[in-house]
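Chemist: At position 210 of the sequence shown (counting the first as 1) the number is 210 in the UniProt record's numbering, and the numbers step up by one without a gap.
Treat the hints with caution; some may be incorrect.
What the hints assert, rightly or not - Straight-line Cα separation of at most 27 Å, BS3-like style, residue types lysine-lysine; simulated pairs:
no., residue 1, residue 2
1, Lys566, Lys141
2, Lys434, Lys318
3, Lys391, Lys381
4, Lys566, Lys438
Said to hold, decoys possible - Cβ-Cβ distance ranges computed for the label pairs, FRET-style:
no., residue 1, residue 2, range
5, Gln585, Gly44, 22 to 30 Å
6, Ala536, Leu582, 43 to 51 Å
7, Ala532, Ala594, 43 to 51 Å
These are computed hints drawn from the structure, not numbers from a lab.
We put the CB at the ideal spot given by N, CA and C, even for glycine.
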Amino acid sequence: MPEIQECYCSGLQLQSFYAAKKAANWRLMALYCDATKDEPKDPGSPWARGLVGKLSATSKAKRGNTSHQTPLWPPFLAANAPPAGFKLDDLVLAEVRYTSRSIVLNLGHCWFQLQYLTHTSIQTYHRQYWEVLKETSYIGKGETTMRSFRVGLAMEFEDFIIAFVSHDQVFQVTWALAKDGLAHHDLHVLDEWDGVLTNIARWCRTYYSGHKVGKKLAMHVMRTTGDVWFGIGISPYLREEEVFGNPSRLARLVLAYYAFVHKAVTKTWVKRVKPCIRDGVVAATVEERLRIGNGMFVWAKDTSGISQRLFDSVSAHKYEGVRSSSNDPFEPTFIRAALERSPHLGRIVFGDDVWESVAPSDLVNSPTPPDALSRFFTERKLQYDTRLDCKSMLPLFLPNSELQRRRTPTYRYQVAKNGVWSIVPAPCDSRQFKETDKATKLFRYIVQNTAKVAVGPLEYCANAQAVRKPSRIRTHKPGARFYVLPARGALPDNVPLSLGHRNLTTLERKKSMTREARAKRNSAAQAAAHAAMAKAKRKLKKSLGAAEPKLQALTGNVPLTAQQRKARMAQLEAFNNQPHVLARQQVASDATQASAPPQPLAETGSDAAPSPTEVERPAKRRKHAEQEAKKYHIAHTFNGSYDELLDSPLVDFVYILLPNGQRAIKVLEKGKHVLLEKAFAANEAEAQRVVETT
Numbered sequence: 001m002p003e004i005q006e007c008y009c010s011g012l013q014l015q016s017f018y019a020a021k022k023a024a025n026w027r028l029m030a031l032y033c034d035a036t037k038d039e040p041k042d043p044g045s046p047w048a049r050g051l052v053g054k055l056s057a058t059s060k061a062k063r064g065n066t067s068h069q070t071p072l073w074p075p076f077l078a079a080n081a082p083p084a085g086f087k088l089d090d091l092v093l094a095e096v097r098y099t100s101r102s103i104v105l106n107l108g109h110c111w112f113q114l115q116y117l118t119h120t121s122i123q124t125y126h127r128q129y130w131e132v133l134k135e136t137s138y139i140g141k142g143e144t145t146m147r148s149f150r151v152g153l154a155m156e157f158e159d160f161i162i163a164f165v166s167h168d169q170v171f172q173v174t175w176a177l178a179k180d181g182l183a184h185h186d187l188h189v190l191d192e193w194d195g196v197l198t199n200i201a202r203w204c205r206t207y208y209s210g211h212k213v214g215k216k217l218a219m220h221v222m223r224t225t226g227d228v229w230f231g232i233g234i235s236p237y238l239r240e241e242e243v244f245g246n247p248s249r250l251a252r253l254v255l256a257y258y259a260f261v262h263k264a265v266t267k268t269w270v271k272r273v274k275p276c277i278r279d280g281v282v283a284a285t286v287e288e289r290l291r292i293g294n295g296m297f298v299w300a301k302d303t304s305g306i307s308q309r310l311f312d313s314v315s316a317h318k319y320e321g322v323r324s325s326s327n328d329p330f331e332p333t334f335i336r337a338a339l340e341r342s343p344h345l346g347r348i349v350f351g352d353d354v355w356e357s358v359a360p361s362d363l364v365n366s367p368t369p370p371d372a373l374s375r376f377f378t379e380r381k382l383q384y385d386t387r388l389d390c391k392s393m394l395p396l397f398l399p400n401s402e403l404q405r406r407r408t409p410t411y412r413y414q415v416a417k418n419g420v421w422s423i424v425p426a427p428c429d430s431r432q433f434k435e436t437d438k439a440t441k442l443f444r445y446i447v448q449n450t451a452k453v454a455v456g457p458l459e460y461c462a463n464a465q466a467v468r469k470p471s472r473i474r475t476h477k478p479g480a481r482f483y484v485l486p487a488r489g490a491l492p493d494n495v496p497l498s499l500g501h502r503n504l505t506t507l508e509r510k511k512s513m514t515r516e517a518r519a520k521r522n523s524a525a526q527a528a529a530h531a532a533m534a535k536a537k538r539k540l541k542k543s544l545g546a547a548e549p550k551l552q553a554l555t556g557n558v559p560l561t562a563q564q565r566k567a568r569m570a571q572l573e574a575f576n577n578q579p580h581v582l583a584r585q586q587v588a589s590d591a592t593q594a595s596a597p598p599q600p601l602a603e604t605g606s607d608a609a610p611s612p613t614e615v616e617r618p619a620k621r622r623k624h625a626e627q628e629a630k631k632y633h634i635a636h637t638f639n640g641s642y643d644e645l646l647d648s649p650l651v652d653f654v655y656i657l658l659p660n661g662q663r664a665i666k667v668l669e670k671g672k673h674v675l676l677e678k679a680f681a682a683n684e685a686e687a688q689r690v691v692e693t694t
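Produce the complete structure using the sequences and hints provided.
Modeler: Below you can see the structure in the form of structure tokens.
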């Protein structure tokens, strides 16, 4: 299932979008979904073509775990249900809430809850994105798949669509007439922290009052991320009894959990995820995805930046089983936010004497009453070893500049089906931890060299693609440097068709090669370019007075194989055969025919037939016009008045050759760029106006 960081970022994404568009009409109009593989599909329905279909009161679609699935359509609005007193279009979105496991929507007459379960995220689409996404099919193999995710459930409003998009359609939906009828009532870690500690204290009373000594790994008992284990300073190969049976380690685990959520809400969301939301859609670039990986402590990293005292603690650490006396490699600065929120737990972590000697006075003499977990451990008066080197804990918190002073290697182990990352090596005699090659499991490698996703709030298959605009039409407005594609083959009206074609080949070329294959390809291309350069120089020496050969820049590309060309043609054909792409091509063809000059009719006769009008293909837009200064195209000459010229809908801009030989350009619409004819015949009376059309 998604980690708590991803769940909180998804909730903040939808909550902030709703707050920014609160004045819009949020009346629910319809529900949509993709069909699963086993669901029956009417041959004429969109589901049979791999498209998003509209749900109705008679729909039987259900989602969830195998043992407990719930309907996507509200059961109290089903065709065979008793009258509820309202219809679907009477529901109005009034509030967005989120927890560590689900998203909750208040729709006025009822409540809606969605649990993410495995690979589900949220996207908010504007109408223009939704219309092309609905016509983009997920049917296909490999690169011919134009949409690599499923629309689990989509709520259509007047201007926007809230879509819960999924990789495997494993998520849980709950519809309830009252809030109490929802499946889960999870607490918000930051806003309801005291309640979270109360629940943990209740669990501790059961655990410490006769619970059997656990032999399982602690990470198998509690599902959490590797960066949380890093924050508590314990190794992932500790047993259940070694972690939950030690109050200091358990308190550190609780504090690290809070610190991880605090970092996700105050830093990851604000600085990393929110800037990647373009036009309401999560569309991150490769560089932005890599920044998420750089912000992690240990997960999927080749090396980890740590403080000097933590580096010394890691070097001295040696695990010798349950009776090991080695101290835990712990850096308290990583849980500073949690200690400032719950200072009384600091006494449990360090012990009373050490806490009073190392902690700041405002934390030692905190006016807040003790929390439930601190009271539990204080009342029991347990004797335990904190497993900390308290002599190195002064000062308690280090400045940020000291936290990255040293670099230490990370270790990756395979435990059953799970990958485990740590800065502490596993014991040599441990059979359960199998060290694996981490080169292909690194966050950077996955993002740069594969079509897979790593771990993080930007690592979802349903995230949109951010395609950088050509430099000539960019602006400095926020988000204006990129086009947004909701899916691989979904091309909104504001994105040129040529850019959609180029994005397909670029994505294929980038994701289909490993690092080694790319290095081998680049070396071969550079060697071939050097050989061509040497051959040109030899020819130049043999032919005196010959012009200097112009060599092409080294691009690192090599010719495609026959199999690659065939795959690329199949991909391009699948893209061009999409309904919304066909419609755009037809509009462009009609516009070209309308702007073409009339053709003379053929002579009438028994054997004569009217010649078909030849459709001239529009001039291809160049990325660097100045490099193509000698290539020009004339569309036609306009002989009307200047006012009529400006009112023409076919005009991009006007090139005017003045009588004195100077040239001037009148731009009619910002962002239009085409190439012009180099020379024209001047007219002394009035400048001849030549119009370039698209």
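Chemist: Could you tell me whether the CB distance from Ala532 to Ala594 stays inside 43 to 51 Å?
Modeler: 46 Å, holds
Chemist: CA of Lys391 to CA of Lys381, is that 27 Å or under?
Modeler: 24 Å, holds
Chemist: Starting from the range 22 to 30 Å, see whether the pair Gln585 and Gly44 falls in it by beta-carbon distance.
Modeler: Given about 25 Å between the Cβ atoms, the range holds.
Chemist: Does the structure keep Lys434 and Lys318 at a Cα separation of 27 Å or less?
Modeler: Holds - the C-alpha atoms of Lys318 and Lys434 are around 18 Å apart, at most 27 Å.
Chemist: Taking the beta carbons of Ala536 and Leu582, is their distance inside 43 to 51 Å?
Modeler: 45 Å, holds
Chemist: Would the pair Lys566 and Lys438 pass a check requiring their Cα atoms to be no farther apart than 27 Å?
Modeler: Not OK: Lys566 and Lys438 at ~34 Å, beyond 27 Å, violated.
Chemist: Are the Cα positions of Lys566 and Lys141 separated by 27 Å at most?
Modeler: 14 Å, holds
Against the hints set out earlier in the document, a violation occurs for number 4 only.
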